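Student: One-letter residues, chain by chain:
Protein chains: 2
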Amino acid sequence: MEEALRSGLRHGRWAAGEKIPSVRTMAEELGVHRLTVLKGYRLLEEEGLLEASYRSGYYVRAEVPAGEAAGSGVRWSYGAGTACGAESRLSDIHRRAVRYRMSEALLDPTLLPNRFLARHAQEVIASQPLLLSTYSTVMGDGELREAMAGYMQDRRLELSAEELMVTTGAQQGMDLAFRALLQPGDKALIERPTYSPAIDMLRQLGVRMLPVEIRPDGYDLDRVEKLMAAERPKLFYLNPTYHNPTGYTVPVRQRKALLELAERYRCILIEDEAYSDLYFHEPPPAPLFAYDTEGWVVYLRSYSKYIAPGLRIAFLAARPPLLAAIRPLKALADGGTPLLGQKLFQSFFFSHRMQEHLAKLRVAVSMRKEAMEQALSASGWSWESPAGGLNLWVRLPEGMQASRLLERSLELSAAFVPGPICDPLDAMQDRIRLSYSLLDERRLAEGLARVLEAAEGMG
Amino acid sequence: MEEALRSGLRHGRWAAGEKIPSVRTMAEELGVHRLTVLKGYRLLEEEGLLEASYRSGYYVRAEVPAGEAAGSGVRWSYGAGTACGAESRLSDIHRRAVRYRMSEALLDPTLLPNRFLARHAQEVIASQPLLLSTYSTVMGDGELREAMAGYMQDRRLELSAEELMVTTGAQQGMDLAFRALLQPGDKALIERPTYSPAIDMLRQLGVRMLPVEIRPDGYDLDRVEKLMAAERPKLFYLNPTYHNPTGYTVPVRQRKALLELAERYRCILIEDEAYSDLYFHEPPPAPLFAYDTEGWVVYLRSYSKYIAPGLRIAFLAARPPLLAAIRPLKALADGGTPLLGQKLFQSFFFSHRMQEHLAKLRVAVSMRKEAMEQALSASGWSWESPAGGLNLWVRLPEGMQASRLLERSLELSAAFVPGPICDPLDAMQDRIRLSYSLLDERRLAEGLARVLEAAEGMG
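Residue numbers (full-length UniProt numbering), protein chains in the order written: chain A, 1 to 459; chain B, 1 to 459.
Take these hints with a grain of salt, some might be off.
As the list claims (entries may be wrong) - Here are a few chain A residues that face chain B, going by a calculated C-beta distance under 8 angstroms:
id	residue
1	Gly48
2	Pro109
3	Leu132
4	Asp200
5	Leu339
To be clear, the hints were calculated from the coordinates, so they are not data collected in a lab. Fair warning: this is a prediction, and the values are worked out from it, not measured in the lab. Glycine included, C-beta positions come from ideal geometry on N, C-alpha and C.
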């Protein structure tokens, strides 16, 4: 079968770009089973002779388009749902294999208590052999939620276990909250710059984004109020503590004022907090949720990132009516986060080693931050030195384009996030986000030397 | 604070059902912090004196409405999104604490290889200590997907690892596929009866359901074709192998014919397969996906249910263009199923003990099925004896109402699923689903005696 086809291709029976007969037609023509033809077509596809485009059939391959990624080249679009858009603009960068990865705001696995966690995990499994055969409830394990509510209460948060939902990563909490509270055509406030998957999610939901600049001292609250009054946004997605990508922290008085605005204009605040324990000197202010007496905040709290990111255990806290609006989507999405990860998280999060680990981690991360600042000190580039978190938000010299700098850096095997990816308006070409959390001091210095080399002669 | 309020309530300062001042107003009135007031209100809420309704405030409680569940009594609706509906109609039944639980199509944990799995889990964690600090990719672990593709290929499925996505339970796969492929107002074919969360999901998406009866010998394909031609449904959600709730299996010739209809009318088939390994005599026919040469099937394959349900590891298989439409939603939903569960699944699914376990499980489940049939033999009720799966779909005698029978059975501490919950048209009061997988033979006999006792004098 393949031979007949291969020969047909070689002798020009079909031209480059031309559609060859469908699997069904070819099977009938040759009198063979359709699966035989499918296998043959696939073999020739692997050999690069054909290009697959299931719905519209197979095509004779002309040439490999420049920059074609695996799975692209699909001509037929299902087009039914709203999903066929960009996945995550960050992931394109993360997929590049580079030596100096300053594009990912992730902790270096060597800083995590892996052996300790593995030992804990073994104890948990040994002592609860039925764990693997048990489903979690939709809201998450009751014991874990009780323990976490207590932990949060000790940290000035007034809440009960009933106000906590366990999610598979904070990302899931964000996805559920957005989908529960927004409809296509709705408006939402979003920080500028912001955590880029939030932009992707809101775009995909067909929501109109109203950007609010975040600055070292917070927001322009007059502008926030004007937008809330004039545009009536359904929600405001914010990341007020060691903000990603800038590292800025919204001051306490603004937090309280935001709550009042939220109440006045009936605008829900989606507060994303991931790194508040990774402060370098003083702990940050309490989250907005601490002031939420009227039920206007959805608080997304990620912890597993600095313990065991692979566990994907995070919490969504909200007052009961708001939580009741989100819960059905969690039930439909996965019926509850897998129990094993919840129990493992619980076992080590509440162990005494946890606070020791955090204390060490703060020192290690702050040393890396200083190493990055040191390596950039002669560059003439500028930034606000963050008081916590994983990122430096750097302003490039006049005329230097972040995306062009990224291209040149990638050639030298160093990656970072260019400003436009974090900008709901797709601008901010004068900014880049450099994460100092994944590489050690020596590799940070080497990687930044590459970026600076790439910048030479630009701008 | 609480005392002042308690006294005010006692002396009738506010009438039953009346709104008391908001947290903000009361705090200003008393000159105390808002959080103090919130805590006070909550205390009185716990004491049953107040009823919370955050947005509109707190109300003096009149009396506890009959049948009020935790978290209900909310008067304010966020109303923004599409989520504020029923969660799962099944879960209401599952929440009831009963002694004889024949409502859940779950395997008895004592039939699962728990100790063996726990040992495997410990080995996996010991040998891969970095597992807990590593994120999965969006599509799932490459090694697991390669292994599963090989396993499926050995079982007559032509597919590659690139056509497989790991999902957090088959439920997540269904949610992602529905959301990727459907928009509000679209039409979808659905079996009647069907797996009830599918009904909940489609309702929540605002999709118009077109029911297709499933019978012991499959569907009326003429009707399916007429519906496809006239209504142009986007997809058909089906569960053709040991169908839930009926246990019916769609024959091979219908499977092939369905593929042809799907191609002709451009209707995607969402094929849900959960229990095909739990056959009592002969293995069932190959899934529809085995015949999918043109890319019209999304195949949802659950395995973890009969190994370690708590792991929540399932697979979604589809040809590349269809998968490409679903993938972005998985990226947004959770960024990838937690890696630990994937590696644990892989470790024991591909062990030699797995096939031994399955062989024993088939015997155990078929004995329970026979025990259930035995216990019902004198009832005069009728059913098709299933060739696999976990459920008996029983027809009640003329005039007996399933929901009424459930009420009376619950009083005797026995639960099952009444027909209407499985029916997209909310009828089928003459049917009930009895699951024989969770209770052992003795308890099945006892539980069914209760159900028959409840039925006495009815109908």
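Student: It remains to establish, for every hint, whether it holds in the given structure.
Tutor: Against the structure, the hints come out as follows:
The restraint placing glycine 48 of chain A at the interface with chain B is violated, with a minimum CB-CB distance near 16 angstroms, outside the 8 angstroms limit. Hint status for proline 109 of chain A relative to chain B: holds, with the closest Cβ pair at about 4 angstroms, below 8 angstroms. The interface hint given for leucine 132 of chain A holds, since its Cβ lies 4 angstroms from the closest Cβ of chain B, which is under the 8 angstroms cut-off. Hint status for aspartate 200 of chain A relative to chain B: holds, with the closest Cβ pair at about 7 angstroms, below 8 angstroms.
Nearest Cβ of chain B to the Cβ of leucine 339 of chain A: about 5 angstroms, under the 8 angstroms cut. The hint holds.
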